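K.L.:
If you're matching them up, the sequences are chains A, B, C, D, E and F in order.
If you read the first sequence in my numbering, its first letter stands for residue 1, the second for the next number, and so on.
If you read the second sequence in my numbering, its first letter stands for residue 1, the second for the next number, and so on.
If you read the third sequence in my numbering, its first letter stands for residue 1, the second for the next number, and so on.
If you read the fourth sequence in my numbering, its first letter stands for residue 1, the second for the next number, and so on.
If you read the fifth sequence in my numbering, its first letter stands for residue 1, the second for the next number, and so on.
If you read the sixth sequence in my numbering, its first letter stands for residue 1, the second for the next number, and so on.
Everything labelled a hint here was simulated from the structure, so no lab data went into it.
Here the structure is a predicted model, which is why all the values come from computation and not from measurement.
For glycine and all other residues, C-beta sits at the position ideal for the given N, C-alpha and C.
Errors might be hidden in some of the hints.
Residues from chain A shown here face chain D by an in silico Cβ test under 8 Å; the list is partial [what the hints assert, rightly or not]:
(1) Ile4
(2) Ile7
(3) Val200
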Amino acid sequence: MEMIEQIWTGSGLYQITGGQLGMLVVCLTLLYLGIVKKFEPLLLVTIGFGGLLSNIPGAGIAEPGGLLFLAYEVGIKSGAFPLIIFMGVGALTDFGPLLANPRTLFLGAAAQFGIFATLLGALALTELGWMDFTLREAAAIGIIGGADGPTAIYVAGQLAPNLLGAIAVAAYSYMALVPLIQPPIMKALTTEKERRIEMVQLREVSAVERIMFPLMLLLLVGLLLPTAAPLLGMLAFGNLMRECGVVERLSNTTQNALINIVTIFLGLAVGSKLSADQFLVLDTLGILVLGMVAFGIGTASGLLMGKLMNRLSTSPINPLIGAAGVSAVPMAARVANKVGLEANPHNFLLMHAMGPNVAGVIGSAVAAGIMIMFAS
Amino acid sequence: MEMIEQIWTGSGLYQITGGQLGMLVVCLTLLYLGIVKKFEPLLLVTIGFGGLLSNIPGAGIAEPGGLLFLAYEVGIKSGAFPLIIFMGVGALTDFGPLLANPRTLFLGAAAQFGIFATLLGALALTELGWMDFTLREAAAIGIIGGADGPTAIYVAGQLAPNLLGAIAVAAYSYMALVPLIQPPIMKALTTEKERRIEMVQLREVSAVERIMFPLMLLLLVGLLLPTAAPLLGMLAFGNLMRECGVVERLSNTTQNALINIVTIFLGLAVGSKLSADQFLVLDTLGILVLGMVAFGIGTASGLLMGKLMNRLSTSPINPLIGAAGVSAVPMAARVANKVGLEANPHNFLLMHAMGPNVAGVIGSAVAAGIMIMFAS
Amino acid sequence: MEMIEQIWTGSGLYQITGGQLGMLVVCLTLLYLGIVKKFEPLLLVTIGFGGLLSNIPGAGIAEPGGLLFLAYEVGIKSGAFPLIIFMGVGALTDFGPLLANPRTLFLGAAAQFGIFATLLGALALTELGWMDFTLREAAAIGIIGGADGPTAIYVAGQLAPNLLGAIAVAAYSYMALVPLIQPPIMKALTTEKERRIEMVQLREVSAVERIMFPLMLLLLVGLLLPTAAPLLGMLAFGNLMRECGVVERLSNTTQNALINIVTIFLGLAVGSKLSADQFLVLDTLGILVLGMVAFGIGTASGLLMGKLMNRLSTSPINPLIGAAGVSAVPMAARVANKVGLEANPHNFLLMHAMGPNVAGVIGSAVAAGIMIMFAS
Amino acid sequence: MQQTLFDQGLTLMLVGMGTVFVFLTILVAGMSLMATIVKRVTPAAVESAATDEEIAAITAAIVRHRNK
Amino acid sequence: MQQTLFDQGLTLMLVGMGTVFVFLTILVAGMSLMATIVKRVTPAAVESAATDEEIAAITAAIVRHRNK
Amino acid sequence: MQQTLFDQGLTLMLVGMGTVFVFLTILVAGMSLMATIVKRVTPAAVESAATDEEIAAITAAIVRHRNK
Ligand code: NA
Ligand code: NA
Ligand code: NA
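Next comes chain A alone, as it looks inside the complex (with noise of 0.2 Å):
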């Protein structure tokens, strides 16, 4: 009798609490959005799962000793696993439409104003007394605007791991909802005329400037911001093995086996943060309410850089691949492709947005390495 007592005691049904059972709802809803409606699912379904894995009582999973713990220490504290997935993005990564168009930089800059609005929305939050966040904590929430998921989760690692979860979650559920926010702001402040602009073909990109490019982007953040060097680099390192033609096995590897199962323990670890404590907490319902703003932004002044482009240049630029500025690789560029057609049918922006689209790669990670610099 006494052993029925010590299962019953040992249950999950007798040691579970409010919160975690509210934590399993969010995280079942994490697994709905991501199977049911596609978003984002090689994060979300991960994450999701690794946070129902956590908040079974008395299973320990993420307490130390715990499969899910030791992920967390050993890939995410230590900033591997997100550098890894950097990696993998690069070796996955075509920067031959950036090349041919190397303006639309600017593009993938200005929308990084989503990011350095949303922290000072942050901080607003705090003045106001109505919030609590640090000058970090307010850092690694801006960096959700920057809708890419491994740099949202360097930040919050380096930064704020207490908020790791909810950034997270709110940065990959975002970057899914990209074709819901955008183009409302993207008909507010475009006129159909502008829409309409159909751009010039782009150039063929030799074999050398993509060999070379990798290369340039890590002299230069390592010259001028080294602090965004770990993110830079590990993206140049994956897109000079595949463009340079000599390591194929390398850059297939590390396209396929290797960012799989990286993504896998990341999606795990990032689960492993999603405790009630941490979790159901008023700041994660601020944090989701500022990556939305901060997503609006982002994709507003992307556009509006467009608007200003399109005047001063030569040859006409459509202001919508402004809005793939944000990233959200490459679902913002086919967000900018589809208006685009909307507009005009024989307007074909996709392969034009991808320029902004990496951009906003570039730009997040050096705008990450700006937080870090004086965020930490």
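Mind docking chains B, C, D, E and F with the ligands on chain A? Use the hints.
P.N.:
Just chains B, C, D, E and F with the ligands now, with coordinates in the frame of chain A:
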């Protein structure tokens, strides 16, 4: 000359002990069983070679600073390797036959009697003074009867690391011996008429059910028996990745590169525990005998449950599929199919036996959770 | 304004030292050799990029807490990465030509003279007061003559971590230079008539011999020279997985995903040792010169052994295949084939040269074991 | 009174088998319930990887190819 | 005088956006410079994976195979 | 008497090369012995990946394709 002496005193020939020599023979036998007899080669080849490496005197591969020591500490002491393997098993397992006929879970439950009977046997030998097992050790030995390699390694790593080598060797050897151990028991406990019973074709299982199943499994284990949650949780995670249809690249990597890499290091690490002072002892003989008995009892109880269910059920159940409840996936299901075909050439039991077969995996993990709760 | 100053003082431009600038040039040269000249690209690209990352001032990627520091500690200090690479090499190597003609092992043995002559050379330079190498350092430098990257990295990691960068760079650079270094020596030491010698076609090797070979190799090294057992043991393990025919999935993963992943991090980690204070010193010049000499002596001694064996043997032996004894698989064997074809268009030496080629791998590992035994 | 080790094992066996059965029984109940709900909610579980005609066509193609 | 948190954030925003633009502007300059140099140095960037004839031949082969 | 570093190296060279040769000689002996035993025990080592006809057919196909 001094140097030559140093070579001589440093050589294996000079340093080798009788125990190490004995272990080299044991490990060569494991390799023979794996390679020539094709007994669970993925594990017996890696464990056997790991054992060879570990018993080279003076090389220190299994001692602090050595590669296999590292693999053991990182992967087995932490429980990470068996849990990752379980995730891989989940990604490789089709729970469709079980979902089509949930009642077969009872067969998988009954077969776990082998586990507890063996636990009792180990304790009886201790009471008699023939062996000297603690409750923790007896529990770890009992799990051999679950016929699940990773479960046995996980439990042994938690409860009785000193017996890990012998337990893993026994578990995988007997899993390979299923085609020899089971048929006589099956024929002894069933009538010709029972073995001839044909079963109704399984219904199709919808994608929704397949996706819901791992979630339901996780929530149940979380609420009822959290100590089994790491094992069943990772199994459920692997299976959810397989079935949810939106993370195919993660599922593929889990089924291939990831499970293969972990299997290699799991095998080598288990081999590092094949030292003479832990393996060439009377206990090992006890473990081998008890393991064999466990398989027999598990098979028998599965069969008897099958007979009972056949009598109570309206739709016919061939008791042979009860023997598949010991797991040893998919060997035991194939044996059930083969013995069924011998009695009736139109009797294809394979898919029906896959239900209890995978149920046995769940049942053993539940039993493992009980053992960890009470014996640790 | 204060912030802009902080950016400036934090920038690479402000912090960079002459040494780091020099190392950036060195690393760009390595990338040039790897990408444009196709010198061992798998390693020179990863090492070169790792070196770039490590010499970014203020980024701390190679300092405690950084990713490359972590990779070095986990993978090279522990010896794990070179050992796993050796397992991969074993899984990729066909020992058939060696088994068909075991005598070619003597050619692989003779070529190791380069290793020991270089060791002596390094000590002579020290006696002369030109350099200042300890016995451990001289031993690590000598191993460059083995023309085996992972062996050189393993030994340097154990005996002289401070020289690791220079040794790895020298080893891989010279392996790539084999087609330039070897032919003049080959032509100088052999007569036209010798180079024309055609060899008897190799016999077929049975699967049993292929399976027994790695086991025999492991047992021999275990009994005679345990300090070489980690290297040769992992080589044998990889080869057994390849040849035993029952663990194909493990063998495939070892040959692809696993060796590729480890190569990436091995290269980056070696690159983390390319710091100015360790690389831009006179020692490095000494290492580069000695490494070159080692290759030459190894080639010559292999050739001379080939001439001797040709005289003593009843069946003809083309001395050119002796040059392949330095390993540098499969480059050296191809060079032997090419030089042989120049002398006699019907003279296909490739398969014959693969025997001494892989024998050189074993020979170098044995030499490494001796070095570790006496120098540590 | 101090239990012997064997008695402890006996209790563990009873409790253990009991737990296994209870757990799997609840799982059976859950699965059956789910099957019922799913059947009611989704009108028809569609999951045909290939239609019969397609399979016939492919098989015929293979046979023809082999006989060439 | 002690800056408020909000003021700190404001400065960070200005400096941050400035840095982003400076950095990417230099990158644009670098890329344009590189494109010019590359264009001058290499006579013609050759990068044809398959000639048109080859593609035509392969397509024809596939069509023939399907029509059999 | 204290050995100089160079003398140590010299001894290491002699012992090292000696060990390499002894080790590989034993390996050669072992491999030869094994080959003899295997030849005696197994009647005929069968290991044909592809029959000659198959190779001929494939080669012909390639040649034809190239000449098109
Ligand atoms: Na971005
Ligand atoms: Na089982
Ligand atoms: Na060598």
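K.L.:
Which hints, by number, does the structure contradict?
P.N.:
Hint 3 is the one this structure does not satisfy, whereas the remaining hints hold.
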